[in-house]
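The lines below spell out each chain.
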Amino acid sequence: MRKFISILLLAGFVFYFATLAGGLMIPSSSADRKSVGLEILSRAKGETGAANAVTSVVVLYRGFDTLGEVTVLFLAALGISVFMKGTGEKRKTVLDQSFILKTGSRLLFPLMFLFGIYIIAHGHLTPGGGFPGGVIIATGFFVILLTSESVHFNKTVMSVLEGLAGLSFIGLGVVGLLGPGNSFLQNFLPLGKFDTVFSAGIIPLIYAVVGIKVGAELSSVVYAMKESK
Amino acid sequence: MNGILSVSTVLNTASAGLIVLGLYIVFTQKNLIKMVIGLDLADTGVNVLLVSTGYIKGNTAPIFSKAGLQVSQMVDPVPQALVLTSIVIGFGVSALALALIIRLYQKTGTLDTSKIRGLKW
Chain A
1 MRKFISILLL AGFVFYFATL AGGLMIPSSS ADRKSVGLEI LSRAKGETGA
51 ANAVTSVVVL YRGFDTLGEV TVLFLAALGI SVFMKGTGEK RKTVLDQSFI
101 LKTGSRLLFP LMFLFGIYII AHGHLTPGGG FPGGVIIATG FFVILLTSES
151 VHFNKTVMSV LEGLAGLSFI GLGVVGLLGP GNSFLQNFLP LGKFDTVFSA
201 GIIPLIYAVV GIKVGAELSS VVYAMKESK
Chain B
230 MNGILSVSTV LNTASAGLIV LGLYIVFTQK NLIKMVIGLD LADTGVNVLL
280 VSTGYIKGNT APIFSKAGLQ VSQMVDPVPQ ALVLTSIVIG FGVSALALAL
330 IIRLYQKTGT LDTSKIRGLK W
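If you read the protein sequences in the order shown, they are chains A and B. The first sequence begins at 1 in the working numbering and counts up one residue at a time. The second sequence begins at 230 in the working numbering and counts up one residue at a time.
Just so you know, these hints were derived from the structure itself, not from any lab. These numbers come from a predicted model, not from an experiment. The C-beta atom is built at its ideal place from N, Cα and C for all residues, glycine as well. Careful: at least some of the hints might be erroneous.
Label pairs and their in silico Cβ distance ranges [what the hints assert, rightly or not]: (1) B:262 <-> A:97: 19 to 27 Å; (2) A:191 <-> B:339: 54 to 62 Å; (3) A:6 <-> B:290: 44 to 52 Å; (4) A:150 <-> B:236: 44 to 52 Å; (5) A:68 <-> B:234: 37 to 45 Å; (6) B:287 <-> A:226: 41 to 49 Å; (7) A:154 <-> B:287: 49 to 57 Å.
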């Protein structure tokens, strides 16, 4: 019965997609495209000063939405910490991996950290930004935690870092609100020279803050999951 | 290339396939971790579908990386920005689901939904 119902549901979905597919064959030349995207593409370079148009959409045009996204990620991390709290049993023996793995991971960690910072700092010039960069930094911590069981983070430092980063995101938005632009997350810094690292006003600042927040959050998620075994 | 295998056809077919496959896994599997994998597959399918709506044949990424690049040579940036949000939300959902599953396993000792009382349908 269960299989039958699921196959019925799936057939409905297949039918839905089949009817949708005709409408989804998007016009494949840019001449007959009249969309928000074209308007944003033609204005983004002058208005935001960021070479990466996707970044200017994410951080400035839809910056408030990104704040919500960061909040959702924070709630997920908070939920995981709450679920995992107090589930760990104290283990008497600490199992460390072999010397080669430990040394290798410690060698790898600074490189991964640096690469994450690079991705965050170039978010307005190349694909990347705060979210992928933060995930790369958290992956560095993950590698360390996987190989050496005896490593312990200071959880308070992580939480403080995360909270400060979230506050600075809102603070940057409020400064824009009080500034001449008079709207939340409005750019208030000079745009600088186009296509260089120090350009695009507050975009690199916001992405740095997002990167710190995501990195700290995901590291503490990984730590909480590891502690709960 | 006006053949049957245009890029948007391939992307649409792939996304529909991923969504249907993911939903099938969610409906039929009893292992909770497999259900989360199915959710993730469906999520990826939706992301592919969203990105493919912004695609324009022959155009490049919406990044002004070279001096001579014109706006008419770029794909739509808005779906890509939306998908960035979607990926992050999908990550949050599956991470939270896996944390819940860990707790459920500690409480009941099984991952099989048919063996957990109160989850039957």
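Structure-based check of each hint:
At roughly 24 Å, the beta carbons of residue 262 (chain B) and residue 97 (chain A) sit within the given window of 19 to 27 Å. With their beta carbons about 58 Å apart, residue 191 (chain A) and residue 339 (chain B) fall inside the hinted range of 54 to 62 Å. Checked against the given bound of 44 to 52 Å, the beta carbons of residue 6 (chain A) and residue 290 (chain B), roughly 39 Å apart, lie outside it. Between residue 150 (chain A) and residue 236 (chain B) the beta carbons are some 50 Å apart, a value that agrees with the proposed interval 44 to 52 Å.
At roughly 38 Å, the beta carbons of residue 68 (chain A) and residue 234 (chain B) sit within the given window of 37 to 45 Å. Separated by about 47 Å at the C-beta atoms, residue 287 (chain B) and residue 226 (chain A) satisfy the suggested range of 41 to 49 Å. Distance hint for residue 154 (chain A) and residue 287 (chain B): a CB-CB separation of about 52 Å, consistent with the stated range 49 to 57 Å.
In terms of the numbered hints stated before, the structure departs from hint 3 and from no other.
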